[in-house]
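Asks: For reference, the chains in residue letters:
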Amino acid sequence: MISRRVFIAGTAATTALAAVPAMAADVLKVGLILPMTGPFASTGRQVEAGVRAYMALNGDTVAGKKIEIVLRDDAGTADQTRRLAQELIVNDGAKMLMGFGLTPLALAVAPVITQAKVPAIITSATTSSIVKQSPFYARTSMAGPQSAVPVATWAVKNGLKRVVTLVSDYGPGIDIEKGFTDQFKKDGGQIVEAVRVPLQNPDFAPFLQRVRDSKPDAIFVFVPSGVGSLFMKQFVDRGLAEAGIKLIATGDVTDDDLLNAIGDPALGVITGHFYSASHDSPENKAFVARVKKAANIRPNFMSVGGFDAMALAYAALKKTNGDTDGTKLIEAMKGQSWVSPRGPITIDAATRDIIQDIYIREVKKVDGELYNVEFATFPKIKDPNAQ
Amino acid sequence: MTAPVETQKLARDWISRSNRVRLWEIALWVIAVAAIFLLPSKLLILTEITILAIFALSLDLILGYAGIVSLGHTAFFGLGAYAAGILARDYVSEPVTGLIFAGFISGLFGFATSFLVLRGSDLTRLMTTFGVAMLLAEVANQAAWLTGGADGLSGIMLTPILGLFEFDLFGRNGYVYALVVLAVLTFIARRLVHSPYGLSLKALKLNPRRSAMIGISATRRIVAIYTLSAVYAGMAGALLAQTTSFVSPDVLAFHRSAEVLLVLVIGGTGYLYGGVVGAIIFTLLRDWLSVVTPQYWMFWIGLILIALVLIGRERLTRWPALLNRKATTRAATQLAEEPR
Numbered sequence: 001m002i003s004r005r006v007f008i009a010g011t012a013a014t015t016a017l018a019a020v021p022a023m024a025a026d027v028l029k030v031g032l033i034l035p036m037t038g039p040f041a042s043t044g045r046q047v048e049a050g051v052r053a054y055m056a057l058n059g060d061t062v063a064g065k066k067i068e069i070v071l072r073d074d075a076g077t078a079d080q081t082r083r084l085a086q087e088l089i090v091n092d093g094a095k096m097l098m099g100f101g102l103t104p105l106a107l108a109v110a111p112v113i114t115q116a117k118v119p120a121i122i123t124s125a126t127t128s129s130i131v132k133q134s135p136f137y138a139r140t141s142m143a144g145p146q147s148a149v150p151v152a153t154w155a156v157k158n159g160l161k162r163v164v165t166l167v168s169d170y171g172p173g174i175d176i177e178k179g180f181t182d183q184f185k186k187d188g189g190q191i192v193e194a195v196r197v198p199l200q201n202p203d204f205a206p207f208l209q210r211v212r213d214s215k216p217d218a219i220f221v222f223v224p225s226g227v228g229s230l231f232m233k234q235f236v237d238r239g240l241a242e243a244g245i246k247l248i249a250t251g252d253v254t255d256d257d258l259l260n261a262i263g264d265p266a267l268g269v270i271t272g273h274f275y276s277a278s279h280d281s282p283e284n285k286a287f288v289a290r291v292k293k294a295a296n297i298r299p300n301f302m303s304v305g306g307f308d309a310m311a312l313a314y315a316a317l318k319k320t321n322g323d324t325d326g327t328k329l330i331e332a333m334k335g336q337s338w339v340s341p342r343g344p345i346t347i348d349a350a351t352r353d354i355i356q357d358i359y360i361r362e363v364k365k366v367d368g369e370l371y372n373v374e375f376a377t378f379p380k381i382k383d384p385n386a387q
Numbered sequence: 001m002t003a004p005v006e007t008q009k010l011a012r013d014w015i016s017r018s019n020r021v022r023l024w025e026i027a028l029w030v031i032a033v034a035a036i037f038l039l040p041s042k043l044l045i046l047t048e049i050t051i052l053a054i055f056a057l058s059l060d061l062i063l064g065y066a067g068i069v070s071l072g073h074t075a076f077f078g079l080g081a082y083a084a085g086i087l088a089r090d091y092v093s094e095p096v097t098g099l100i101f102a103g104f105i106s107g108l109f110g111f112a113t114s115f116l117v118l119r120g121s122d123l124t125r126l127m128t129t130f131g132v133a134m135l136l137a138e139v140a141n142q143a144a145w146l147t148g149g150a151d152g153l154s155g156i157m158l159t160p161i162l163g164l165f166e167f168d169l170f171g172r173n174g175y176v177y178a179l180v181v182l183a184v185l186t187f188i189a190r191r192l193v194h195s196p197y198g199l200s201l202k203a204l205k206l207n208p209r210r211s212a213m214i215g216i217s218a219t220r221r222i223v224a225i226y227t228l229s230a231v232y233a234g235m236a237g238a239l240l241a242q243t244t245s246f247v248s249p250d251v252l253a254f255h256r257s258a259e260v261l262l263v264l265v266i267g268g269t270g271y272l273y274g275g276v277v278g279a280i281i282f283t284l285l286r287d288w289l290s291v292v293t294p295q296y297w298m299f300w301i302g303l304i305l306i307a308l309v310l311i312g313r314e315r316l317t318r319w320p321a322l323l324n325r326k327a328t329t330r331a332a333t334q335l336a337e338e339p340r
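Chains as they are written, first to last, in UniProt numbering: chain A, 1 to 387; chain B, 1 to 340.
Check each hint, because a few of them may be wrong.
Stated by the list, open to error - Output of the computed footprint for chain B on chain A, the stretches with three or more beta carbons under 8 Å from beta carbons of chain B:
hint	stretch
1	82–96
2	179–188
Unchecked claim - Heads up, simulated DSS-like pairs for lysine-lysine below, C-alpha to C-alpha not over 30 Å straight-line:
hint	chain 1	residue 1	chain 2	residue 2
3	B	Lys9	A	Lys117
4	A	Lys185	A	Lys293
5	B	Lys202	A	Lys65
6	A	Lys285	A	Lys318
7	A	Lys161	A	Lys185
8	B	Lys9	B	Lys202
9	A	Lys29	A	Lys319
10	A	Lys117	A	Lys319
11	A	Lys318	A	Lys334
12	B	Lys42	A	Lys328
13	A	Lys157	A	Lys246
14	B	Lys42	A	Lys66
15	A	Lys29	B	Lys42
16	A	Lys178	A	Lys285
17	A	Lys178	A	Lys157
Hints listed in this document are in silico derivations from the structure and should not be mistaken for laboratory results.
Here a beta-carbon is modelled for each residue, glycine too, at the ideal position from N, C-alpha and C.
Could you put the whole structure together from the sequences, leaning on the hints where they help?
Replies: This is the structure in C-alpha cells:
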C-alpha cells in the first residue's frame, strides 16, 4: 500500500509537472460537489457525466481560462457539503461551485457562498426556496413544481376531471402536490383524494387500494426517481390500469436512467418534465451520444442539469471576459439564454432561477428501448411558487 | 489485617496516581493548539475532528465506563444541534448561550430516557436506544414548522462568540471554539472518571451483581452518567450546528450513531482519549480516500476497518490496560506485599 508520505510526494511531483503548461493557460478551478456514494450516488454519476460531456464537446478553455473540475463526494451529508465547499473556496481557490444533489445539501452552503462571494450553480436540488437563500445561487435543474403545473392543465383539457394525487411526504413532494392541485382546481378539475406516502421504505399497496376504490379518472404521482420503479410495479400488480385509471406523473417517475429497468408496465404513462433523452434536436443528439460513449449510461434530467451548469459557467466567463470576480460572474449569469439539449432555456434575471419549456410525454418503445416521447410543449414555464 | 486508615491511604494514592497527567496527553493538546498556526488550511477538517471527538467522548462515558452499548447516541447529538439551531434562528444568536442551552435540553432528554436503559441486557439497550433515535428523527422530519423538515434548518445567523470572535471563512475561530469546548469537557470527564464515582461505575460495568452486593447501587449512577453523556453529545451537536450554521435532518440519521461507535472501536474505549484518537484516524482516512477515489472510497474504508478489527480485536479493552498497566501492577504489588 502506498504510504501517505509517498502519495503526497507523488502528487506534489505530478502537480509540479502538470503545472508547467497549465500555468500558461491560467487555470480556473470549478468545485463540483455531488453525492458520489450512498443512496443518491446515481444523481452524482449523472451530473458528473453531464459536466464532463459539456467540456468534451466545447473544449476546456474559455475566455483564456483553462477550466479544471475538482470533484468532491459529500455522500449526501449536509455538513460534509458545507465543509467541502468551504475548503474548495479557501484552499483550492475555486471560483465557482456546482452540484448539490438534494435540497438540504444546497441550503447548507448558502452562508459560505454569501460570505465568500462565490457563485454556486445548482444542478439537481429543486425546492423553490433555495435560490432566495443567497444572492450567489443560480439554478439549471428545475424550479419547484415547474413540471407538475402543465400536467394539471393538460389533464383537464383531455377529460381527466377527477384525480387522486399521491406524493412522497417531504419538501419537494408537498411543493409539487400544491402546484398541481392549485392549477388543477383553477382549470375546473376535482381532487378526489390527496395521499402522502412516507419517503422511506414506501409500500404503496394500501394506498393504491384506496385509490382504486374511489374510482378517479386518473392518479397523479410524484415520487423521487429511484422509487418510481417500485411504484410502477405495484400500480400494475393492483390492476389499476385495467380498472381504467390513467397514470399521470412528473418525469421523476419515468426517469430515463431507470425506464428500461421498469420495463413494459411503464408503456403509455403520461408525464410532464423538462428533459427527455429522446428530445429531437441536434444539441440533444450530440449530448446523448457523448454521455453514452463516455460514461456508458443514458443521460437523464440530472445529467442535463450538470451539462447546462457548465454551459452557464462558460457563458458567464465569456461575458466577463475571463474576470473571475464572484459578483461579476453572478451578474453575468442573470438573463443568459441558450439552447440546451432539453430545448430553449433562460436564467431569470430577477430570480436567478431557470425558465424552461415543459413537455408532456408518453412512454413508448423506440428501436426496442423505452423512451419518454414528447408530444406537447408548454413554453417558458417559471417557478409557480415564485409568482 | 491492615488498619482501615492505611487501606484508605493506599486507595487514595492509587486514585491520584491514575489521575496523573501523562506526557502523551500534554503532547496531544500541544499539537492541537499548534495546528492553529501550523495548518491554517486544514482548520475545517480539524474542527470536524474535534466535534466528532466530543461526540465520541460522550459515548465513551457510557460505553467505556458504564458498559452501556448504544446504537442511537445520535439522538442527543441531533437534539443538541436542533436546539442550538432553533435558539440561534429565533431567539439568541450568541454561540456560547446556544451551547449551554443545547447541553441542557439534551441532558433533560437524556435524563428522561436513561430509565429505559436501566433494565435489560445489551441487546435490549441496543434496541431501545436505536428506537429513541428513530422516533426523534421522525419527529424532526414531521415538525417542519419548527425544524424545516426534510429541507433542514437554515437561516441560522450567529453573532460573534461571546461578542468578540466572529466565525471566519477559514474556520479558525470555529476550531479554537470547538477545541476549548473539547478541552473543558475532557477535563471535567477526567476528574469524574478518576473519582470514586468513576471507579464505582467501572465496578458496575465489570460485574453488576457483585457490585450490588458490596453496596453500589446501579440506578442512580447509570442515570447520572447517561444524563451527563447526553449533555456532552448535545454540546457536540450544537457545535456542529454553529460552525456550519445549518442543521441537516441527517444529524439524527442512523449512520451517525454507527459512525461514532466505529470511531470508538478504532480509538479504544475506557480511557477518554479513544474518541480523539479514533476521530483523527477515521476522519483523515475518510477525507484522504474520498479525495483519491471519490466513487470507491467506501470500499477501501470498509476493507481497512475489517483489517483493523481483525488485527486489533482486543483494542476495545487492551488500550487502556496497556497504558495503565504500570500503575496497576505497582498498586497490586504494594497491596500484596502488605502483611496480613
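Asks: Each hint: holds or not?
Replies: So, going through the hints one by one against the coordinates:
1. 82–96: holds (count 7)
2. 179–188: Not satisfied, violated; 0 residues make the cut.
3. B/Lys9 to A/Lys117: Distance ~64 Å between B/Lys9 and A/Lys117 Cα, so the pair is violated.
4. A/Lys185 to A/Lys293: 45 Å, violated
5. B/Lys202 to A/Lys65: 63 Å, violated
6. A/Lys285 to A/Lys318: 25 Å, holds
7. A/Lys161 to A/Lys185: Between A/Lys161 and A/Lys185 the Cα gap is close to 9 Å, so the pair holds against 30 Å.
8. B/Lys9 to B/Lys202: Given pair B/Lys9, B/Lys202 holds - Cα atoms ~20 Å apart, limit 30 Å.
9. A/Lys29 to A/Lys319: Holds. A/Lys29 to A/Lys319 sits at ~18 Å (cutoff 30 Å).
10. A/Lys117 to A/Lys319: Measuring from Cα to Cα gives roughly 18 Å; hence the hint holds.
11. A/Lys318 to A/Lys334: With Cα atoms ~13 Å apart, A/Lys318 and A/Lys334 stay inside 30 Å; holds.
12. B/Lys42 to A/Lys328: 29 Å, holds
13. A/Lys157 to A/Lys246: 14 Å, holds
14. B/Lys42 to A/Lys66: Holds, at about 27 Å.
15. A/Lys29 to B/Lys42: At roughly 19 Å apart (the allowed maximum being 30 Å), B/Lys42 and A/Lys29 satisfy the hint.
16. A/Lys178 to A/Lys285: 35 Å, violated
17. A/Lys178 to A/Lys157: Holds. A/Lys178 to A/Lys157 sits at ~19 Å (cutoff 30 Å).
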